[in-house]
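Trainee: Sequence:
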Amino acid sequence: MPPKRKAADESGPAKKKAATTPKLKKSKAPKWDESEFSNEKPTGEWARKCVDRWCLLAPYDNSISEKRWEDYYNERSALDKVNSSGAPESKEIVSEELCQDTWKILRKASSDLAAIVLGSKLDDADRKKQIARTLMGSLYFTELWGNDEGDDTPREVEAKTRLYSPFGAGHSIDFFYRYHLRARMFSNGERFSSLFAKPRMRIEIDPENPTACSAIKRNANGALKAASDAVTIFDRNGSKSKGTTAANIKSFEGTLFCTEGWISPLKLAEILLAAANVMGYRERDKTTPKSVLEKFNYFDGETNGKNLLAEELKSLAALEAKEPTDQAVVSIPQRLLLLARHGGANENEAGSSRRAASA
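Numbering-wise (our numbering), the sequence shown opens with residue 1 and increments by one.
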């Protein structure tokens, strides 16, 4: 007796199951109104100066002392000068050997940060726009050095940056990014890169040494390593590489946004890489940072925010066109805060980034 045919034989070839896309997790609505902070602006002199100069948003931590706000003001004001085109203080972040425009790099990274937030899931569209606009003017170089390979790509980059929270809680994150790629004719060449990030506690605010990077330390041999309380986002040495976990990535959300579960791990990873300008120097080798991003997913409803950013940049350009053209020194972060300060291209409110910078 012949064996029975399988059902697939009777009705033709077995059909392949349709590929299923994994269901995306949902964003948690931020509970800023229920946080331990306040929606009321602080009343102290230095706190008000900080809120006004950098367009800091609620919630505010009203437990911060006036002395701490004064230190915050002096530290960040110093970085405004360092990140000013034409300023003598900017020499530490303008690397002639790198053969790239520091200010274009800073503007691109800052706009990328805004796009990431604009693509987040938040029912209050105006609130989301406010956060993105303030964040756009919250990124600073503290040190930059590099050299060109000779083909318009870098052989080496060593960059230190700082990203301040857009909220009035006094928080910030320090970044250290190192990249090196050099081909060798008779070997595998030299290839290494690393990114360290560290949330800064308010007690680490240091107006006497505003460019100090808390994400790194020197070992016994004098080599730069990640600080003990820093997170290694990625680290590659030759063929060996390692990345970080979703838990480590998510640990930065509270520091930056005073909430948890609102921003997906992928968006947070994008923020960390953008704030460090990773892949922003025309690097030829992008394998390691891309592998970090590939580990994570967006939340349901999140986008890359690029379409919304395009409209924001048009409005920003219109506001910048109204700024004085005879300024020898221009603070790039203050220029990028024009939208946060005035609200859009059609805003007729008096004032300028120059006046804010002199406050």
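Please keep in mind that the hints were generated in silico from the structure rather than gathered at the bench. Keep in mind that a hint or two might mislead.
Only pairs whose alpha carbons sit at most 16 angstroms apart, straight line, appear in this in silico EDC-like list of lysine to aspartate or glutamate [unchecked claim]:
(1) 25 with 300
(2) 49 with 71
(3) 128 with 33
Pairwise CB distance ranges (calculated) [stated by the list, open to error]:
(4) 124 with 220: 50 to 58 angstroms
(5) 239 with 88: 37 to 45 angstroms
(6) 246 with 343: 29 to 37 angstroms
(7) 251 with 220: 38 to 46 angstroms
(8) 295 with 45: 28 to 36 angstroms
(9) 150 with 45: 51 to 59 angstroms
(10) 245 with 203: 23 to 31 angstroms
(11) 150 with 81: 29 to 37 angstroms
(12) 343 with 260: 43 to 51 angstroms
(13) 245 with 26: 17 to 25 angstroms
(14) 206 with 63: 16 to 24 angstroms
(15) 246 with 311: 30 to 38 angstroms
(16) 206 with 125: 32 to 40 angstroms
Ideal Cβ positions, reconstructed from N, Cα and C, are used throughout, including at glycine.
Trainee: Next step is simple, just say for each hint if it's right about the structure.
Mentor: Evaluation of the provided hints:
no., hint, result
1, 25 with 300, "6 angstroms, holds"
2, 49 with 71, "12 angstroms, holds"
3, 128 with 33, "15 angstroms, holds"
4, 124 with 220: 50 to 58 angstroms, "51 angstroms, holds"
5, 239 with 88: 37 to 45 angstroms, "43 angstroms, holds"
6, 246 with 343: 29 to 37 angstroms, "36 angstroms, holds"
7, 251 with 220: 38 to 46 angstroms, "28 angstroms, violated"
8, 295 with 45: 28 to 36 angstroms, "46 angstroms, violated"
9, 150 with 45: 51 to 59 angstroms, "53 angstroms, holds"
10, 245 with 203: 23 to 31 angstroms, "27 angstroms, holds"
11, 150 with 81: 29 to 37 angstroms, "33 angstroms, holds"
12, 343 with 260: 43 to 51 angstroms, "29 angstroms, violated"
13, 245 with 26: 17 to 25 angstroms, "21 angstroms, holds"
14, 206 with 63: 16 to 24 angstroms, "20 angstroms, holds"
15, 246 with 311: 30 to 38 angstroms, "32 angstroms, holds"
16, 206 with 125: 32 to 40 angstroms, "37 angstroms, holds"
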